[in-house]
Amino acid sequence: VNLEDAARRAVEAAVSAGASDADAWAEESTSRHVRVYAGEVESLSDAGGRGIGVRAFAGSRSGYAYGTDLTDEGVSELARAAREAAELADEDEHDGLPDESGSADVNGLASPEFGGWSTERKVELALAVERAARAREGVTQVENAVYADADGSVALANSRGFAATYSATQAWAYASAFAGEGADLMTGLGVAMGRDPGALDPEAIGAEAADRALALVGARQPESRRCPVILDAFVAASFIGFIGSMLSAEAVQRGRSLFAGREGDVVADPVLRLADDGTEPEGPSSAPFDGEGVPTRRNALIEDGRLLSFLHDSRTARRAGRSTTGNARRGSYRSPPTAGTTNLVVEGGDRDLAGLAAQTGDGLYVTDVAGLHSGVNPVSGTFSVGASGRLVEGGELGTPVREMTIASDLVSMLTAVRSVGSDVRWVPFGGSVKAAPLLVGEMAVSGS
Amino acid sequence: MAELYAESRRGFALSLDDGRVERPQSGRERGACVRVVQGESTYYGYVDGLAEEDLLRVAGSVSEAVRGNARRPSALRSAESGTRHAIATPPEDVEATRKAELLRACDERARAAGAEVSQARIGYAESHRQVEIFGSDGRAAADDRTRIRLSAQVVARRDGRVETGTDTRGGHAGWELLEDDPENVADEAARRALTALDAVDAPTGRLPVVVGNGFGGVLLHEAVGHGLEADAVQKDASVYAGRIGDQLAEGFVTAYDDGSRANAWGSEGVDDEGTPTRRTTVIEEGRLTSYLYDLLRARKDGVESTGNGRRESFRHLPVPRMTNTFFAPGKATPEELIGGVERGLYAVSFGGGQVEPATGDFVFGVSEGYLIENGRVTTPVRGATLVGNGLEALRAIDGIAGDLEIATGYCGKGGQTVPAGVGQPHVRIRELTVGGTAS
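Each protein sequence line maps, in turn, to chains A and B.
The numbering used here runs 1 ahead of the 1-based position in the first sequence.
The numbering used here runs 75 ahead of the 1-based position in the second sequence.
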């Protein structure tokens, strides 16, 4: 199937069905997923997916239909369904296709090395991850070691004459290791991602899983306190992802963001610099154009402590009297575009973990949080989430701790950031985030 | 064992936000998954669409992994329907404009609840899944599944303060589920948002906790249920491994997983491996009695599948998953449970929760909570989090009321999301760590 051709056919069918405008997003991918356990393949998959989503406008109303049938009849039926669905929607004067479309120059989305990897070598990579984790003394179990990848293409066409396509590859691997036993069992996750399997270091992934679990062995509930807190890159990424979702103009305009009305305000300490960048070559969410055919770009979000911009698609931009920032996002062909983040990028600082701990003096180093999505009030930003990690004692990492919560509110947390760590890495939590450890001046820690 | 899982799925969704009906969308997907199990290894492949050449390609690719074990194929039986949840009015037979009207009616009700209501988002979704499962071991089953769900999220504002409240109604059912006062969903969400405006910061410390009925059952789901799923148990990644027969709770505590419960949200006719769903007693009079199995894990333990082999779609492998999990009703009344608490927390509903099955450690965000003072429910609190351990929490249950209710949840595990019913009557826990925001 030629994807761009399928997208064009869908747009034509929607216009024939009476749509005043239309766009269609078609995608196709093949993927591998390998899970190993105790030195054997537990499961291995070979998958092929394809589908298309059609957005049809009836003036300023829009409807959407998606499906897996890319034949002529299939896309025609979807186009009619989308046009019909548009009748149900209320008028929205700001809705419609973007005024201008195009593609940004984004290189390196698809690795030429990707195709050279046989299934056997991918299985061997997963096994190597597991071996590396089991090799660490004190590791009692490796529950999961997984290698997965995808090789996909996307095409977008609209009734204003835009049609474009791109391909991307992605590979990732992770492991979860256990250390300790019974009620004192601790878990740790190791993860890495790249454009092809060669970018993944199985030794490092396994070792990270093991080390994160081992660091928590013997953890106890700490006493409640207010203290400085270092969030490691994983935890920082989860928080940054949450903050990014509130910087989407969609959340802002719907009254579901604590940042509403705060453009230009000081919302963070100047050491924290944050951008959304859909053009980063390594970014899992990078692409030449967004979900409605607007070129992607880098948008500075927080600089000098100030909130500079929200993230717009063409609809939120019209409503705000702005230009789109190229942030129309689609989870897949199953959903119409909506304003959201691409890759959130935190600019790294100059202190490594030891340097952050020294700056902390006495405090807490958090390596895991639980319940972030239920523990944060999305409107007020207050949160209280479960956490585990280690105490920082006299400027060094000390006693492992668990069964506690850390609480603050998001803006207080951002303005209390004292240092950004130098160990910047891509983390697949909270969307796609290039994160660094953050030292926060004070948070409430509740334990016993 | 070789297996073919074929699925056809239609869905329709519509929402109302900021007073406008928007995002009408319909979907139609078809696809199939071929699974081959040899020893402890599973090989599978899936394709979008049911084109013969695609199916043959994926079957060829998957079976390549087990070449050298060729056997004469046996003829497949025609699939036997395992459908058993009656649908009075299929949602697709209802005019789409009525669904839009329902959203508008809910919006009105939410806004009528008080001048401080500033936003309402109402969502409607229906799905119709038809699945057929054929196994080389003679399995040939089919199921026809209809689900419907109405949800409301309401935002209330007072001065600088903003709070949200949510409520949902859903089931393995048709439009009939929404015939009796569906707007009540909006009333409840609005009531929760308005109540939260008066909330004070939650207390911190170890306190007795009375957990509300219905969605309060997410505590059982997270803190116990996940640890009973046999995949975690067999990898020794569960604190409940090796504990069958052990007394884990007081004698008045009984709990079930029941995928056969009529028209409940997490129910199916057969599971995604063709095993008829059923009621499994997981805790009987305080003793742990069973884990939750799919075919693979059951074979390994030499038991029968409990009908818990579920998958999100043809794009996923079946794994042991809960269906509707709930505590059986007890003899107390909610008033008695609350009346026995001098100072504690009444956790009516949760915003969600998370558990580490290997340790049983859990965290829940309390979305609607109140202080209990001298045996009475008093001030609403916000920002409370319950932190604890499943085994400890089970042991600490010291009262169960009779008001069982089941709510609609979505459960994520290993990248798959499935509808799961969570429920319970009011339950009292002697002591739990409450992480609050009060200093």
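These aren't lab readings, by the way, just hints derived from the structure by calculation.
Treat each hint with caution, since some may be false.
To be verified - With beta-carbon atoms standing in for the labels, derived distance ranges: (1) G40(A) to L131(B): 47 to 57 Å; (2) E155(B) to E283(A): 49 to 59 Å; (3) E397(A) to D276(B): 25 to 35 Å; (4) D478(B) to E283(A): 48 to 58 Å; (5) D376(B) to D351(A): 36 to 46 Å; (6) D273(B) to N3(A): 37 to 47 Å; (7) E88(A) to T408(B): 46 to 56 Å; (8) A321(A) to D276(B): 26 to 36 Å; (9) R263(A) to D276(B): 43 to 53 Å; (10) D276(B) to G399(A): 48 to 58 Å; (11) D376(B) to N108(A): 45 to 55 Å.
To be verified - Here are some of the chain A residues that sit facing chain B, going by a computed Cβ distance under 8 Å: (12) V42; (13) G50; (14) G60; (15) D93; (16) L190; (17) F243; (18) S246; (19) F260; (20) G322; (21) R331; (22) S333; (23) A355; (24) G356; (25) Q360; (26) T383.
As the list claims (entries may be wrong) - Covered by chain A, according to a simulated footprint, are these stretches of chain B (three or more residues, beta-carbon under 8 Å): (27) 209–215; (28) 236–243.
C-beta atoms are modelled at their ideal positions from N, C-alpha and C, and glycine is treated no differently.
Hints, verified against the model:
no.: 1; hint: G40(A) to L131(B): 47 to 57 Å; result: violated (32 Å)
no.: 2; hint: E155(B) to E283(A): 49 to 59 Å; result: holds (51 Å)
no.: 3; hint: E397(A) to D276(B): 25 to 35 Å; result: holds (33 Å)
no.: 4; hint: D478(B) to E283(A): 48 to 58 Å; result: holds (53 Å)
no.: 5; hint: D376(B) to D351(A): 36 to 46 Å; result: violated (54 Å)
no.: 6; hint: D273(B) to N3(A): 37 to 47 Å; result: violated (60 Å)
no.: 7; hint: E88(A) to T408(B): 46 to 56 Å; result: holds (51 Å)
no.: 8; hint: A321(A) to D276(B): 26 to 36 Å; result: holds (34 Å)
no.: 9; hint: R263(A) to D276(B): 43 to 53 Å; result: violated (23 Å)
no.: 10; hint: D276(B) to G399(A): 48 to 58 Å; result: violated (30 Å)
no.: 11; hint: D376(B) to N108(A): 45 to 55 Å; result: holds (52 Å)
no.: 12; hint: V42; result: holds (5 Å)
no.: 13; hint: G50; result: holds (5 Å)
no.: 14; hint: G60; result: violated (14 Å)
no.: 15; hint: D93; result: holds (6 Å)
no.: 16; hint: L190; result: violated (11 Å)
no.: 17; hint: F243; result: violated (13 Å)
no.: 18; hint: S246; result: violated (15 Å)
no.: 19; hint: F260; result: violated (12 Å)
no.: 20; hint: G322; result: violated (18 Å)
no.: 21; hint: R331; result: violated (12 Å)
no.: 22; hint: S333; result: violated (11 Å)
no.: 23; hint: A355; result: violated (28 Å)
no.: 24; hint: G356; result: violated (30 Å)
no.: 25; hint: Q360; result: violated (24 Å)
no.: 26; hint: T383; result: holds (5 Å)
no.: 27; hint: 209–215; result: violated (count 0)
no.: 28; hint: 236–243; result: holds (count 4)
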